[in-house]
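Read off the chains here:
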Amino acid sequence: MDFDFSEDLEQLRDAVRKWIDKGYDFERRRAIVNAGGFDRAAYTELAELGLTGLYVSEDHGGMGMGPVEAMIAMEELGRGIVLEPLAQTLIASAVLQTHAPAHLQSNWLPRIAGGEAIVVLAHQERGARHHLDRCKAEAKEAGGQWTVSGTKSIVPVGDVADTFIVPALAGGQMALFLVERAAAGVKAEGYVTQDGSRAAEVTFSNSPAQLITKNGLTALLEAADIGSACVCAEGVGVMDKTLTITAEYLNTRKQFGVPIATFQALRHRVADMKMQLELARSMSYYASLKLKAPEAERRQAMARARVQLGTSMRFVGQSAVQLHGGIGVTEEYIVSHYFKKLTQLEMTFGNTLHHLGEVSERMQDTAGVFA
Amino acid sequence: MDLAFTPEELAFRDEIHAWVHANLPKDISDKVHAAQRLSRDDMQRWAKILGKKGWLAYGWPQQFGGPGWTAVQKHLFEEECALAGAPRIVPFGPVMVAPVIMAFGNAEQQQRFLPGIASGEVWWSQGYSEPGSGSDLASLKTRAERQGDKYIVNGQKTWTTLGQYGEWIFCLVRTSTEGKPQTGISFLLIDMKSPGITVRPIQLLDGEHEVNEVWFDNVEVPAENLIGEENKGWTYAKHLLSHERTNIADVNRAKRELERLKRIAKAEGVWDSTVDGPSAGRFRDEIAKLEVDIVALEMLVLRVLSAEKSGKNSLDIAGLLKIRGSEIQQRYTELMMQAAGPFALPFIFEAMEAGWQGNFPGGVVGNAPLASNYFNMRKTTIYGGSNEVQRNIVSQTVLG
Chain A
2 MDFDFSEDLE QLRDAVRKWI DKGYDFERRR AIVNAGGFDR AAYTELAELG LTGLYVSEDH
62 GGMGMGPVEA MIAMEELGRG IVLEPLAQTL IASAVLQTHA PAHLQSNWLP RIAGGEAIVV
122 LAHQERGARH HLDRCKAEAK EAGGQWTVSG TKSIVPVGDV ADTFIVPALA GGQMALFLVE
182 RAAAGVKAEG YVTQDGSRAA EVTFSNSPAQ LITKNGLTAL LEAADIGSAC VCAEGVGVMD
242 KTLTITAEYL NTRKQFGVPI ATFQALRHRV ADMKMQLELA RSMSYYASLK LKAPEAERRQ
302 AMARARVQLG TSMRFVGQSA VQLHGGIGVT EEYIVSHYFK KLTQLEMTFG NTLHHLGEVS
362 ERMQDTAGVF A
Chain B
119 MDLAFTPEEL AFRDEIHAWV HANLPKDISD KVHAAQRLSR DDMQRWAKIL GKKGWLAYGW
179 PQQFGGPGWT AVQKHLFEEE CALAGAPRIV PFGPVMVAPV IMAFGNAEQQ QRFLPGIASG
239 EVWWSQGYSE PGSGSDLASL KTRAERQGDK YIVNGQKTWT TLGQYGEWIF CLVRTSTEGK
299 PQTGISFLLI DMKSPGITVR PIQLLDGEHE VNEVWFDNVE VPAENLIGEE NKGWTYAKHL
359 LSHERTNIAD VNRAKRELER LKRIAKAEGV WDSTVDGPSA GRFRDEIAKL EVDIVALEML
419 VLRVLSAEKS GKNSLDIAGL LKIRGSEIQQ RYTELMMQAA GPFALPFIFE AMEAGWQGNF
479 PGGVVGNAPL ASNYFNMRKT TIYGGSNEVQ RNIVSQTVLG
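Chains as they are written, first to last, in this note's numbering: chain A, 2 to 372; chain B, 119 to 518.
Read the hints as simulated data drawn from the structure, not as lab findings.
Ideal placement from N, C-alpha and C gives every residue a C-beta, glycine not left out.
Worth double-checking, as some hints may not be accurate.
[What the hints assert, rightly or not] Footprint (simulated), chain B over chain A, 3 or more residues, beta carbon under 8 Å:
id: 1; segment: 98-109
id: 2; segment: 119-131
[As the list claims (entries may be wrong)] Which stretches of chain B does chain A cover? Using the computed rule of at least three CB atoms under 8 Å from a CB of chain A, they are:
id: 3; segment: 156-165
id: 4; segment: 179-189
id: 5; segment: 198-206
id: 6; segment: 400-410
id: 7; segment: 495-508
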């Protein structure tokens, strides 16, 4: 057991943090939100840092790193509430690398690593809510060519991405397909989401597709768990910065002639925020360190982590706004944007109540980190 | 002890119910039930309908043109309006400044200002908070200097709700820096068309323009607009705050919104565990907990009303009502958003407008305002005396 970060990991953290401090300040972020919630140039900068190739093997031009490196990168991106969807890139590269046939890997992974191609998961359907096994989209094969039909909602950067990873039923079984946005019958209607990032409704009508794997549900569960580990890490970064912003405000803002940080009711709330942050950080480590575990163990760990993260993110976000008072509910001041990010993260890849259900269904007589 | 309303009270409720349903414009109640955006016209149209009937001033005594209702009657009126989907009465005129004018204004001021408030013709705003004076309101710095028969006002107010529509504003201003901060404050009525007033929008986190900054640059205010005595404004302001009683808990609106939450839960498949599985049952239990909270709050409100009616066992629990009421408001908006889950995430500003014809992601346009409402309701534990301040007040009533 060792929760220390190696020098390499610290260097990775420093590199991402420096980029955010110097290259992705709040004003740039605001401009990106106003321009639609995604900036290709910023995404390219993530690629220059090597982050888009973080999970891609060195054979395919990536860095071949693992969940701990991903966790550190996501934490730092959370600190800067970065809009560009690195989590999606991590998911796509892992899914392709683990499940796709060689020709798809060599076609897509180098371009994903280089930041030239953006590949995102398009799985959310109306009616499925957080249930990954519910899918209405269908795939058909004729003459060796697959096509996919269906509608997917709230697809991250769905009208910007180059290619989608699409779960669809093939003969009643879920399979995963790659569908290019430029393919026939693909329509993407984009919009901004509550956290300022971009998403789209994507419809597929007999769109030409390439099969990634017929073992679709297994791969989708993996994808969602990578997504959940990213939510945990990102959430920790967002909360860490939220607490810093709040502490600075409490030490600066004066009422009754003294900094409001002197009031005990507010100090205790800060202590509770710190509690929630550190519990969440612990469970984010747990999530990332369990990401390579066998499926049942991995799924249980992710659900446990997401329950803690959900509780923490809600409490820290709501408390930060409350402790700021009126300024906390304005668009102009930074803290509401952290609050909105935490709110959206909680509802990404399953909300807290959903994950509580997952934990509940998997409960055994024994319990603990190692059970 | 008896839980039931008297036959007279029930008859009164029936009368109100029939009138509200006959007179509340459907386009307005449709918006309220769907949490769509209300325009100035929507709010003022309803205010004028009430005003014509004499019910915008529903809390006023008869001598000032009100109906002279009992506390229970006022509550029943509020309940019928809320459940029918009436917009909240913009409180700054009829609920906030009018009682101060009645209690401390002179006869001339009462004749001049009260009719326009009762009819809904004149839109009032509130000028209390300042950038440096929130919870510590008594530290306010906006100056009013007496020069002959007028005051010259300089300074800045903030969080002025719907101040972009304001025609008059009642302000707390500093007229003296001697003694305790509370003793140098005066209560001034200011015409917002006066030269030197600038209203600037503050955008809230949901993107809405709901509050404003109001700047005063050498604004001339006739001395006759001073309420009561100079430097006694703090006393009048406290009277205003104490006048806000059960209304602040907004339990009637909570009952209406609980109904909406249940409709959303059904539509989103988190209501019936026999159809939608155990996670639906789990969500439904959260609604059930909220239902208990709302019933408990309603009983608390009814106890306050009963005490007001009998004059016995007076309950000094305004702080509790504010704390619990605001927490419940936050909770139902939170659950509505969670019910829609990922389909509450798209932020499409126009989709909160009635009659919007676009395609809302997921296909249910009713989900469009849910996240915005959740974000917006964070204000309720901050404004009107933050819940931290309320807890200080409540603990003082217990501990002394």
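Hint by hint, here is what the structure shows:
By the rule of at least three residues with a Cβ nearer than 8 Å to a Cβ of chain B, the coverage given for the segment 98-109 of chain A is violated, with 0 such residues. By the rule of at least three residues with a Cβ nearer than 8 Å to a Cβ of chain B, the coverage given for the segment 119-131 of chain A holds, with 5 such residues. With a threshold of 8 Å between beta carbons, the proposed coverage of the segment 156-165 of chain B by chain A is violated, since 0 of its residues qualify and at least three are required. Given as covered by chain A, the segment 179-189 of chain B fails the check, having 0 residues with a CB less than 8 Å from a CB of that chain where 3 are the minimum.
Three residues within the 8 Å Cβ limit are the bar, and the segment 198-206 of chain B against chain A gives 0, so the coverage statement is violated. Check on the segment 400-410 of chain B: 3 of its residues sit with their Cβ under 8 Å from a Cβ of chain A, so the three-residue criterion for coverage holds. With 8 residues carrying a beta carbon less than 8 Å from a beta carbon of chain A, the segment 495-508 of chain B meets the three-residue requirement, and the given coverage holds.
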